[in-house]
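Novice: Read off the chains here:
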Amino acid sequence: MVDGARALWAVPTIYRLSLEEQLPELEAQVATTQRAAWQELIAARKVMGNAARLSTSTRDLAGAARQEEAALEGKIDTALGSETRGTQLAAGDPDGLDGLADGADGLASVARGLVRGIPYAGTAAAAGLTIYQDMQQGESWYHATADGLVSNGAALGAGVAVTAFAGAALGGSLVAVGGGVLIGGVAAVGVGDFVHNLFQENWQADWHQDGVVDGTVHGVADGYDKTRHDLAHMWDDLF
Amino acid sequence: MTSSETSRTDSGPLKAVRFPPRTELPPDIVIERLPALGTSWYERGASYWARRIGAIPILLIGVAIYVAIISGIIHAAGPPGSPGFIAVLTAETIFSLGTAFLLIRNSLQQAASGRLASTKSNRRGRAGAGLGILVYSAGGAVGAFLIAISALLSAGFMLAVLILWLLPVLPTEQQARQQLTETLRVRHNTRPGQGPAGHHHHS
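Protein sequences appear in the order of chains H and C.
Going by the numbering used here, the first sequence opens with residue 6, and the numbers climb by one from there.
Going by the numbering used here, the second sequence opens with residue 707, and the numbers climb by one from there.
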């Protein structure tokens with residue numbers, strides 16, 4: 006939950022950072038098209054003198070590259086306007102953290118590491134809580150440990166993976182970045198709970214009653230049904 | 707293939723362009739690193755298809771999770787067949803499909819326009835990002851709330867990602883391929899016979 010809130014709060018800064026990642030590439034593009042234009046013009050002047058002109062396609066490409074760069078810089082400026090120190094801190098952005106750690110050398114990098122480590126710290130804490138709760142309910146330590154580590158690891162992996170897939174499919178717009186972060190969070194919660202429910206499933210009874218194949222299908226369906234109820238309860242609690 | 711043929715083909719529907727081997731690329735040409743795909747889109751080899759195929763079960767699980775969440779919301783509105791149940795079911799369906807449609811359309815439009823397209827295409831790209839600008843201009847808190855509602859209470863985002871993922875070429879990949887093609891074409895036009903554009907062919 007802490008990581009989800011952090012991610013949601015950090016969306017404006019995450020968006021700006023994703024825009025800035027595209028800038029070097031566009032700058033290189035501008036440099037390439039400008040260099041090509043100059044080379045073409047120099048070659049043409051050797052033949053035609055001052056009457057030499059750039060071809061339409063080269064001029065259009067160079068102009069379009071400059072326009073793209075200017076548009077991206079404009080977006081970054083607009084994005085910066087909606088940021089606050091809070092969003093920068095939530096995203097682990099050096100600008101916000103350097104200000105926080107003003108006058109304390111090295112503290113900014115430590116703070117940045119701590120913020121970016123929230124997902125891992127949250128996963129470790131959740132795994133510890135799962136193990137503790139399962140052992141309190143009488144489960145063996147190895148079953149509880151396996152459940153805690155695998156279900157929370159799967160949650161972290163699913164969250165990271167879905168966020169990356171969303172970025173690859175939807176691109177780097179504000180909506181795509183914000184939505185990608187959120188559906189990654191939903192996937193993390195859902196997958197974590199689903200894997201936990203699979204651990205809690207009585208597989209021996211399922212296989213004994215329905216056979217290996219049908220019993221496995223029944224167990225997975227039962228785990229999904231429990232996940233559905235858990236998410237419905239969570240929704241009731243939240244709203 | 708001539709450079710004009712390359713351009714015409716790239717501005718059409720999503721198609722995969724095969725590039726020369728990395729070792730033949732000029733040193734200043736950078737292959738864009740895409741989320742989840744890295745630079746594997748350049749060759750579209752085993753690593754690329756392993757990532758593409760491996761993502762599908764995860765995204766299907768993601769859709770199943772949204773179905774679970776939405777069914778919980780719908781059942782909370784009333785018993786099956788009740789007016790509340792039907793109203794929420796209809797609203798969720800329209801909202802999810804509408805969000806997915808808008809996201810897919812915007813992504814495809816942006817991919818078709820490309821970063822180095824003409825001014826007209828740029829305007830189309832900006833119109834495609836209209837939803838983002840609308841949310842953005844609504845202000846930080848309200849904008850974040852709109853994104854949160856769309857992403858948490860409808861399956862539209864996850865559906866859009868899944869559907870786009872099933873396309874032969876992802877929109878962001880198409881954009882990267884188009885940009886690289888344009889870069890190589892510019893170099894080829896500048897120094898005839900030296901650029902790698904002559905190696906291009908469409909699969």
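Hints were generated in silico from the structure; no laboratory data involved.
Ideal Cβ placement from N, Cα and C applies to all residues, glycine included.
Hints are supplied without guarantee of correctness; some may be wrong.
What the hints assert, rightly or not - Interface residues of chain H toward chain C, partial, derived using beta-carbon atoms under 10 Å:
#	residue
1	A57
2	R58
3	S62
4	L187
Claimed, not checked - If you want a taste of the chain H side facing chain C, the calculated C-beta under 8 Å gives, among others:
#	residue
5	T37
6	A173
7	G184
8	G195
9	V196
10	D219
11	L236
Stated by the list, open to error - Reference listing, derived: stretches of chain H covered by chain C, where coverage requires no fewer than 3 residues with Cβ under 8 Å from a Cβ of chain C:
#	region
12	132–145
13	154–167
14	201–213
Novice: All hints, please: hold or fail.
Specialist: Taking the hints in turn, this is what the structure says about them:
1. Here the hint on A57/H is broken, as its CB sits about 14 Å from the closest CB of chain C, past 10 Å.
2. For R58/H, the interface hint is violated, since its Cβ never comes within 10 Å of a Cβ in chain C; the closest pair sits about 15 Å apart.
3. Hint status for S62/H relative to chain C: holds, with the closest Cβ pair at about 7 Å, below 10 Å.
4. Look at L187/H: its Cβ gets to within about 4 Å of chain C, closer than 10 Å, so that hint holds up.
5. A distance limit of 8 Å between C-beta atoms decides the matter here; for T37/H the minimum to chain C is near 6 Å, and the interface restraint holds.
6. Taken as an interface hint, A173/H checks out: its beta carbon lies about 4 Å from the nearest beta carbon of chain C, inside 8 Å.
7. A least Cβ separation of about 4 Å between G184/H and chain C falls short of the 8 Å threshold, and the interface hint therefore holds.
8. A distance limit of 8 Å between C-beta atoms decides the matter here; for G195/H the minimum to chain C is near 3 Å, and the interface restraint holds.
9. A cut of 8 Å between beta carbons decides the hint on V196/H: the least distance to chain C is about 6 Å, and the hint holds.
10. The criterion of a C-beta within 8 Å of any C-beta in chain C is not met by D219/H, whose closest approach is roughly 20 Å, and the hint is violated.
11. Among the interface hints, the one on L236/H holds; its C-beta lies about 5 Å from the nearest C-beta in chain C, closer than the 8 Å criterion.
12. Under the rule that three or more residues need a Cβ within less than 8 Å of chain C, the assignment of the region 132–145 of chain H is violated, with 0 such residues.
13. Judged by the Cβ-Cβ criterion of 8 Å, the region 154–167 of chain H is covered by chain C as claimed, because 3 of its residues qualify and three suffice.
14. With 0 residues having a Cβ less than 8 Å from any Cβ of chain C, the region 201–213 of chain H misses the three-residue criterion, and the hint is violated.
Comparing the model with each earlier hint shows violations of hints 1, 2, 10, 12 and 14; every other hint is respected.
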